[in-house]
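Enquirer: Position chains B and C relative to chain A; hints supplied.
Residue numbers (our numbering), protein chains in the order written: chain A, 1 to 255; chain B, 1 to 474; chain C, 1 to 481.
It should be emphasised that the hints constitute simulated quantities derived from the structure, not laboratory data.
Treat the hints with care, as some may be off.
Derived lysine-lysine pairs resembling DSS-like cross-links, with alpha carbons at most 27 Å apart [as the list claims (entries may be wrong)]: (1) B/Lys158 x C/Lys77; (2) B/Lys376 x C/Lys425; (3) A/Lys136 x C/Lys443; (4) C/Lys425 x B/Lys391; (5) A/Lys125 x C/Lys425; (6) A/Lys151 x B/Lys408.
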Amino acid sequence: MLIIKNLHAGVEGKQILKGINLTVGAGEVHAIMGPNGSGKSSLASVLAGKENYDVTEGEVIFQGKNLLDMSPEVRAREGVFLAFQYPIEIPGVSNINFLKTALAEIRTYKGLPPLDAKEFLRQSKEKQKLVEFDAKLVNRSLNEGFSGGEKKRNEIFQLAMLEPALSILDETDSGLDIDALRIVSKGVNKLRSSNNAFIIITHYQRLLEYIVPDFVHVLYNGRIVKSGTKELALELEDKGYDWLKEEAHENAATI
Amino acid sequence: MTPQDIPLYEEVVNGFNRLSAADALGRESSDLRKTRQSAFERFRESGFPTIKNEDWKYTNIARWLKEEYALGGLPGGAAAGGADAKVMDENVRAAAERSRVAELDAYIVLLVNGVWQKDAGVGAVAGAIPAGVELLTVAEARQDPALSVYFERPTDGKERYFTALNTALFSDGLFIRVDASALPEKPLHIIHVFTGDRNLLVQPRHVWVVNRQAELKVIESVVTPAYAEASAGETGDGVAAGGNAKIWVNSLTEIIVHTDAKVDHTVIQTPGEGTRLVQHTTVRQKRQSLYNNYNFTFPGSDLVRNDLQIRLEEDHTETHLYGLYLAAGQQLVDNHTLVDHQKPACFSNELYKGVLLEQSTGVFNGKVYVHRDAQKTNAFQQNNNLVISKKATIDSKPELEIFADDVKCSHGSTVGQFSEEALFYLRARGIGEETAKGLLINAFAFDVTEKIKTPAVEAHVNQLINQHIPVSHA
Amino acid sequence: MANDNEIIDNIANKEYEFGFVTDIEMDVAPAGLSEETIRYISAKKNEPEWLLDWRLKGLQAFSRTKLPEWQNFPLPKIDFQKISYYAAPKSKKKYDSLDQVDPELLATFAKLGIPLSEQKTLAGVAVDVVFDSVSVTTTYKEKLKELGIIFCSFGEAVREHPELVRKYVGSVVPHSDNIFASLNTAAFSDGSFVYIPKGVRCPMELSTYFRINTENTGQFERTLIIADEGSYVSYLEGCTAPMRDENQLHAAVVELIAMENAEIKYSTVQNWYPGDKNGKGGIYNFVTKRGICKGANAKISWTQVETGSAITWKYPSVILQGDNSTGEFYSVAVTRNKQVADTGTKMYHIGRNTRSRIISKGISAGEGQNSYRGLVQIGPKADQARNFTQCDSLLIGDRCGAHTFPYIESKNNTATVEHEATTSKIGEDQIFYLNQRGIDSEKAVALIINGYAREVLNQLPMEFAVEAQKLLSITLEGSVG
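Chain A on its own, in the form it takes in the complex (with noise of 0.2 Å):
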């Protein structure tokens, strides 16, 4: 589904990904692990692509298609999904109003006729319960006055919306409560089928408890230095990033 093949973006001339490869398979979870400032959010960002960011090298492949090519909206209606770790407050505009235009445009782009208000309605109120997302909220201005746990609890309700075929969860369980991480996965594990792909950043374990992923991937200086399956989260959380940026410091020395 997804292919990344030795990227490297910075920002204003810093670079901050460092040559990265991963490649996600359909109905796979990857976790990507690291400590601050080691690229996992800039990862995020350059796969939505987020305009500051310039990519110096590599590529990424999306479906078969070139995702670096896209602009931000196309590769949303491609589908790739970014739950922000910040969701902007948009005052005015209206959760419900945002969410039908968005659905339309991506319906629209993929040669489907728009929902009828009624099958909208119906399955905004079934992907409501899926998080537990407030009815209220949905009424509200976007984001706006929400606490942190709404807000990502709006971005999981949204991604159960439209349906991306490739989710990228950026820090989804900072700021959350054990109840509302709780509630956050279990939307997410419903969503979960062989025909899309997560991809999970978080700087702790225990998010991964409740999503359990296929691959866990650790993020050290821009740069993917070990991969492993659910159990390295575990040796993670046990010891720490240093032994790895020990072991990366040599590799870098012996290179």
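Expert: Relative to chain A, chains B and C alone:
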């Protein structure tokens, strides 16, 4: 009233003409003379401002212009008023002593009607002028070819009214120069005393130049002697003692803050009745410079008009303006500020608070102007007013004029009364209504006073607030 | 996302879609303003003596008054003698039914989306149509008559209800109020008149549609709305003009009178021709709008969406005379190309416990300049008066400007006045968020703008809100490529 009907207008025009005829400007450069001449012509055209002028819409000075004033201290030294001769008396000395800030180790500069009294003996304990600081009288500086340039204001044809008048006829004031990288060990405390034995127009001119990376801390006190208590009535000869004489002060200060320099500037205005104080300050900030201004106006003076103009001529500057005006009696206190963002990435923040007692009028006009080039500007402005008395008036006009898009600007203005809940809460705890109100006014003022960085000055200002607050609030 | 230049070009190149001219036979007065012209207009309309006298007083005031100088942008020269002060479709006096209306005229209004036949009219909206200077038709008149509501052209009101007109005209905006009001008093051609009797709640929206068609004419209509005790009315106006290279002048006067417990809601969608991208042509929109809450508990609410005109000066105001009366002002003003909008409101708090609320949203693009200019005045007797003002400015591109000039004058220590203003540009992170959900940048901007203006748009009656929303999106189409 046409300009010709104003006695002071006539006095000024005649005064200038006399001066030109007598060729009395001494060794002033020809450029400075040209500046004076063109400023005079602009004043002759504009006369004094009226309420038809947008900048004076709420400040009607007509009632004070009906009085006659003599010109005090002309540039040629041709004293038209008798003030120059007899300046230091016990009342002046007492006023100066009263303005001193307790516990503040500062170098004291006493100016009487704009003239530096080097040997006045006020604050003699303050010792020598701090290293790195040079002080000159403007009377000397304006005749020095190297310094003359500081008195030639740009003749863009826009200068009118009081600033033009000052440029045409100023003679003396204080010239301060701080050497590059100098960090003077103590602040300067400039005490301005204004006095006269008859009605006078006094026009001091000050220039401060703070060079690269230097720092300057200045406290200015503006006062008049307390003749009322001292002599008037007792002798039955109040006029001769200066008791009923009116003083019109039209002062202009220009401050140049060079690259990376820092200026901390506090102004405390407590002149008494009979004073009309028009004070214009232009600050020119260069790259990465910092300028802080704290302005306090207290009851007394009939008219206070402050024009504070900050010109951000280079990028990455920082400016903080804090003001507190406490007006009482029939007083009119008008604060006009302009923050002129000419270059990118400058930050400015302004907070002015007003407390209006008795039949006073407060005027606030704050303008933030962001030029097309001034991208990444951050400019904030807030004006809050507490109207205590039924007969008090407030006119507030915050303005934003913005021509660049990548900016964050906001302003706010409020007019209100005590919070009823707060008052009730205090009274419910057994605090009397008047005391409770006093507490709330102090709390209101605290947002401004707490910004003063020198504790002794903060204490001094708080003491002045306490002096005025227990007055009747009806 | 395109760069700013592209954005600005796109905005600039968006054409005005109502710029066509109707080819119709017109009765046009010779250009120029004089006592003769005024007498000509008055005679054309068979006006009574008192009205002619009043017009002449207006003319006198006009000749005495100078053009204002307070604005922060230079006022172009206006040659008042080059304007024709009267233009009307040639007709046999008066239309008895729609069949008699020139088909060309009917077609014009169909093109503008304003059907004149009652069957086709938007359900529940009665329309008075003013073409150049003259009211062409008023729909639903009979139905309103049953309730005692008078809704007709100004000229008809002068004929049929002279006592009402004489009593109230000029009572809120005197003939000498300002130079444009004086001009209007002297030369006003027609307009709309509304009277809602005591206790009647007008069951439908009343609406006037203005169209300037003829070259070198000015439009000077006059609207007078009286809501008697305990009544309610919601009134809408819309306007367009053809594209012309010459500037045309629109100097209307609107007077609202709300008696005790009455409420008037007045909404405007202003889309006069703004001129081309070089600032050539366009309407000078200098309008005086003022209402008075005469009785206790009265309420007047102004809502405006301003997207057209080369220059707009307009300050719909409320005199809050009755105790507990309320004034509101909701505004969205968009400027692009070289448009200038200087708009705001004046709230005069006279009575006790009066309230006012001001929400102003300015959007500037291209080289457009947008100013909010407003006055909140609290009189000595206005105990417990309250005002809240919020002015926001949104900038698109670095050649436009946004300005805020609020005046607060308080002479009462029990009053509370709050003013807040902010200036910002559309956040790139907001656009990116919407992009990431599949919404392209253009739609994203439209969404954000409509969200930004929502508080104001919500005040509009349903039919108008949809129109206004579309208009905003179209006006700023291509703002981000």
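Enquirer: Now look at each hint and say whether the structure bears it out.
Expert: Okay, the hints, checked on the actual structure:
Distance restraint check for lysine 158 of chain B and lysine 77 of chain C: the Cα-Cα separation of roughly 23 Å lies within the 27 Å cut-off, and the hinted pair is therefore satisfied. Using a Cα cut-off of 27 Å, the hinted pair lysine 376 of chain B and lysine 425 of chain C holds, with the two alpha carbons roughly 11 Å apart. Taking the CA atoms of lysine 136 of chain A and lysine 443 of chain C, the gap is about 25 Å. The hint holds against a cut of 27 Å. With a CA separation close to 42 Å, the supplied pair lysine 425 of chain C and lysine 391 of chain B exceeds the 27 Å bound.
Only pairs whose Cα atoms come within 27 Å are accepted, and lysine 125 of chain A paired with lysine 425 of chain C is rejected, the gap being roughly 35 Å. In summary, the hint linking lysine 151 of chain A to lysine 408 of chain B is supported, as the alpha carbons are separated by about 25 Å, within the 27 Å threshold.
In terms of the numbered hints stated before, the structure departs from hints 4 and 5, listed from lowest to highest.
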